[in-house]
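Residue numbers (the numbering used here), protein chains in the order written: chain G, 1 to 520; chain V, 521 to 846; chain C, 847 to 1166; chain U, 1167 to 1491.
Hint data in this document are derived by calculation from the structure and do not stem from the laboratory. Keep in mind that the hints are not guaranteed to be accurate.
As the list claims (entries may be wrong) - Chain V is faced by these chain G residues, among others (derived, beta-carbon under 7 Å):
1) Thr-26
2) Thr-31
3) Ala-170
4) Thr-175
5) Ala-223
6) Leu-230
7) Glu-272
8) Ser-319
9) Pro-401
10) Lys-438
The structure displayed is predicted, hence computed values, not measured ones. For every residue, glycine included, the Cβ atom is placed at its ideal position computed from N, Cα and C.
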Amino acid sequence: MRRHLFAAVLLCAPAAHAAEFTWSETTDPQTMDPHAVNSTPVLGFLGNVYEGLVRRDEDMKIVPALATGWEPIGEGEGWRFSLRQGVKFHDGSDFDATDVLFSYERASSEQADTSSWFAPVSGVRMVDNYTVEIMTNAPNPIFVDSIANWMMLDSGWAKANDATRPDKDAGNYATLNTNGTGPFRVTRREPGLRTVLEPFDGWWDDATHNITRAELTPIQNPATAVAALLSGDVDFINPVPIQDTERLKQNPDVNVIQGIEARVIMLGFPHEAATLKYSAETMDKNPFADVRVRQAVGHAINVPAILQTIMRGNAQEVSQLVGPGMRGYSTGLAERPAYDTDRARALLAEAGYSDGFSFGFKCTNDRYLNDESVCQAVTGMLAQVGLRATLDAMPVQNYWPELRADNYDMYLLGWSPGTFDAEHPIRFLAATPNEEKKLGSWNFGGYSNARVDELLPMIQSEIDDTKRQGMLDEVTAILQDQAAYTTLYVQPLIWGTRANIELTQRPDNFFNLRWVTVDQ
Amino acid sequence: MLAFVIQRVAQSVLVLLVVGLVAFSMFRFVGDPIDNMLGQERTQADIDRLRTTLGLDQPFVVQYVKFLGGAVQGNFGVSYRQGRPVSDILMERAPATLELAAVSGFLAISIGIGLGVFTAIRRDGWAANTIMSLSLIGVSLPTFLIGILLIYLFSVELGWLPSFGRGDTVRIGGWTTGFLTESGLKALILPSITLGLYQMTLIMRLVRSEMLEVLRQDYIRFARARGLRDRAVNFRHALKNTLVPVITVTGLQLGSIIAFAIITETVFQWPGVGLLFINAIQFVDIPVMAAYLMLISVMFVGINLIVDLLYFSIDPRLRADRTKAH
Amino acid sequence: MTDTPLPPDAPIEVKDPSRLRLALDSDFFYTFKRSPVAVVSFSVVSIMVLAAVFAPWIAPHDPFNPGSLNLMNGFSAPMEPNAFTGDIFWLGTDDQGRDVFSTILYGMRISLFVGAAAVAFAMVLGVTLGLLAGYVGGWTETIIMRIADVQLTFPAILVAMLIFGVAKGITPVEYRDQMAIWVLILAIGLSDWVQFARVVRGATLVEKNKEYVQAARLIGRTSPAIMLRHILPNVLSPVLVIATISLALAIIAEATLSFLGVGAPPTQPSLGTLIRIGQGFLFSGEWWILLFPAVTLLTLALSVNLLGDWLRDALNPRLR
Amino acid sequence: MTGPILSIRNLTVEIPTRHGILRPVDGISYDIGRGEILGIVGESGAGKSMAGNAVIDLLSPPAHIAGGEIWVNGTRIDQLKGDAMRRLRGKEIGMVFQDPLTSLNPLLRIGDQLTETILAHLPLSRAQAKDRAIKALDEVGIPGATERINSYPHEFSGGMRQRVVIALALCAEPSLIIADEPTTALDVSVQAQIIALLKALCRNRGTAVMLITHDMGVIAEAADRVAVMYAGKLAELGAVRDVLGAPRHPYTDGLMGSTPLASRGKARLHQIPGAMPALDNLPQGCAFHPRCPYAQSICKTQMPTLADGDGAACFFPLPHTAEVA
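Make a model of the complete structure from these sequences and hints.
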């Protein structure tokens, strides 16, 4: 009899009572200061502790957060935000317009890594305690989108702890401690080891999660991470190595959540180089300057084969600089150049390279998912049409200096649009490099097209959506015809969780604890 | 004795300087730290500003002298990645490595000597031969593979032991220890086996060959001729004489345990200085890399000194003619 | 036969039974025949070395020529026809569609070459410095031994990473693949020479005071001659033993370095790189990518170690 | 207890090697009475030490006792194995090695090595064992034994160390001592002291001593009876006076001829031609015949045997009547 009684008691316990939650990622957020580093691991984590005026919902739509509403001022000279009342910081102090003003000065300061978000901003004015006006030097339809990750700090707390500016060099109080308005407080921070979060009861929004304690422990070695998930030591790992997805799917006590990330993987060319740097055949001209050669590269690569084997069917082809599902994606131009080796050889012959040529192909080996294997596959495919590439895969910290010094004939690049809008990659990758106007800072190949440069400012200030989309389609068509970049695929986003965990996955790879439920 | 110690300490300082110079001169080629410190939307101006504030644009010699100046006062500068003083980070992470090294070192020595003596005494027994061949597996497989296979077997399949990390630790003053918590101890098992296995095999083989050598000496035959029990002959007479040469090599072995910890910590995500060093290399966090090398060379030189002193205390013959510098 | 006395140093031409015959029934070969361990491990090692040397002719595919790879062949299980291409591979294929069996042969070639060259480099460097330190003594000995201390501070992994950084910074990309192999050899060799130096120094100190060395000095032989012709032969047996053990360790070190991403170039994987790639697939079901290279490495290293063990006992007269 | 302390009946020791089975000791028999010193002499490699090691069962494999019997104090010991034999060593049979430098454990104080041996055999307390050790050191002539007991072997001279070795061999009151070349490693002056010490101990304690040496001088000095060994067999056995004074075996005669004895004045020393045959190709018949000036055809075919008791294993023992010379 006793055994039954015991079983009965268990059954009637609430389905999802309070629970502890542990998860791991490959890199540990470098700092707790939301303005010090503009990277996914840091902002993704701090999104649970600090909050911005606006935030993205489960489908990436912008929704109110610390601001209840906003409307454009006049003909687009700026935006007026009305702030939420009665919001408290973790240390109990109130949130109001002074904190917004302070957070603007801090986030746009020279020491902050997020200052580029405020390039279009001319000034911020406090109308009253709960209304703020942000003036832009030109009409900027996507401004509200671009400040989703701009997080509010309490001016009092920052001044008291001498953290009024982010300090990258020696670090300050804000590097290790937090005081946000978000759903969770950081109760323990051991950099590189573990960071523990506990719910903030005074949160203005109602918590749908049932977590009492959450712990993030970084695990570098992918095999160890999978082992940790399988053995139940952690409840969630991000990312799951591609090759393990099939196996984990068959495992009953583990769930695999698949989606696509915003990052587009592409091959870049030395457009403005005079000659090749690593070619065995000493040539006096740069074959990649000829559009036919670039198109031949596009036809020579069998992307579906790469997705089938190396990506195990987990990625999606892409034909332009942003993936489907991003704002401004040109649905009409979704066709990639077909895999056609004869067409590729014909194009090469047409361009005068019937027996092909050798060149240096630079790649990373620890930055993007299976980057080294993809580069090896690309090398193999190009060799079949006579494009003899010498692959040089290296860790990412050596990679950027090599690209900046133009030490390549072709290179691999991954780009994830910060504002989840098609304008972002054009500004950084397609615009003619221009130091003052902060344009084309990642356009290593120096691709330049007058029409694209002419259209970019118009896109940035076009309020009317259909007109803006038309211009974006025109730019995408130009880039495709010119084969400025050979875009390959959009990276998959694969998360692994224990069977008893429900959570929400977003293309920006931000992990929000507030959408997690653990049923015992 | 004192003269000897002073001389060795002077030599050690020289070694440290050379280590610093060699390490520092190589760091310039390992990559550019600035890239990792700034996000995607940085501009060239940001890069230059940060380069000057970090003093990376100054000539190499100036950087090196500045580094040494700081190091002498125990200030190893600030980690580029964590934005915190390196000495604090090292103090936080050192206990994890030291405890792991201590446990695996102890394992390696106790089992190494135990099996070494056993295989020497029972030289032709089948048990000794199987142990010898099995132990070879310890040196025939790369450490990371042994680690992963152990995780696969004991954590994933059997679920007995944690697959990574150090478990809960208890903070005592500046030191965090894993010995006092059950999860801490369980977390120690697999990594210390992985780290210790390699050293244990080497120590076992060394003890075996030294012991065989000693067992052939006259004083052992004389001890047997006096009717002493095997236990007395093997342990009081033979083992003591075996340990003298074993100590020097074991001392060096333990030094290399700390260096080998790099791999074990990477596989088990063990929060020690080894893992910190690997992160530093990936992030080109030069201050941390330089401080790590200094810490390791201090440990090495320290161990060498202790080994020499131990040598003196065990072998009375050396104590007699004290002047004989090692 | 004129009976003018032969010059003391001239080699005496003694007509003796063929050198091979002499070697065959010498004690050394006798103990070799009788010990099963030695025979088995020696034959395994020689088979593997031969297989590695003749890899291009034995291997059904050339895994190092990217052009010949068909990516669709990736992940096919051993002996089972591939779902897309229908090809059959004895030991299956890896993520790039490389035939595991041929890649093991080619990989072993690199591993053995790197291992042997690294040990040779370490031996030459270590023995010379050891001899110098032991024989000359005084300041040279202290300097060499302190250099050894500095060297011990840098574990092989670290040395490799730093040298890789430096080498990558200097060499142009088309030589980079060849450079990678030589950097590996340099890195593993540099971290190995210390143990040779220590052993040789110890042995030289002992030999130095022996009468035959003083005798050689008396008849006016120069120091280098004494070192090379007199002391070296007597010091060789421990060096040889360390060489065999270090060969196994060097092969493993190359595997470990590739685990840390510093090993052989991706397009020419060594045995170690194969294991690193395979380790990623441990949980994903493609067990053959890890199992076969790991077993090969284990057998190779085990046999080299066993051979080294037997060699140490055979060469060490006192232990017989 | 009138019987012999040690009696050996045609003891044979064999070593299996790849060249066939060697017999370093081939059927030798002799007795040693109480307080008697039996010298075992012969060129090096004659099997002298092998016989000694066989008695105390310290033969290093693959050498092993292949036949014959060994009796100590009336009990047979060659079949004893393991612990039974171990208890015998040191208690009944003591052993003294050749090189004092390597016979003592360098890392242990001599006091500890002494008390350890005493406690292994005698039911004494640690303090009593210590006194006994000091008494043993006094007895072997170590000055200031009470202090020196705590010093290490390397703090003694060669001669002193050999005295400590003897003390160690005797401290458990064995009735038989096997001294394997005890004086060879010492210089002449110290040799005489050690011989005198052995003879004195023998007389006072009545210990039987098997004195193995290649030095005829030591035999003449110390031994009561002497056994001459050649190629694993006994060539001649008898009292020192008879064997040395009037050797009956040509080999003993040859040995005597090459030993400078005071009694021989300035007579020219002469050398036995040839060398001892290797054990793996012993000549047919009497092993000594190739080097024996009086060898006859019978010597080449048959093996002379030693009748039990004293005598020489030779068909034509000396002194020769006219016709043989």
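Checklist entry - Of the hints given before, which are not true for this structure? => result The structure conflicts with hints 1, 7 and 8, although it agrees with all the remaining ones.
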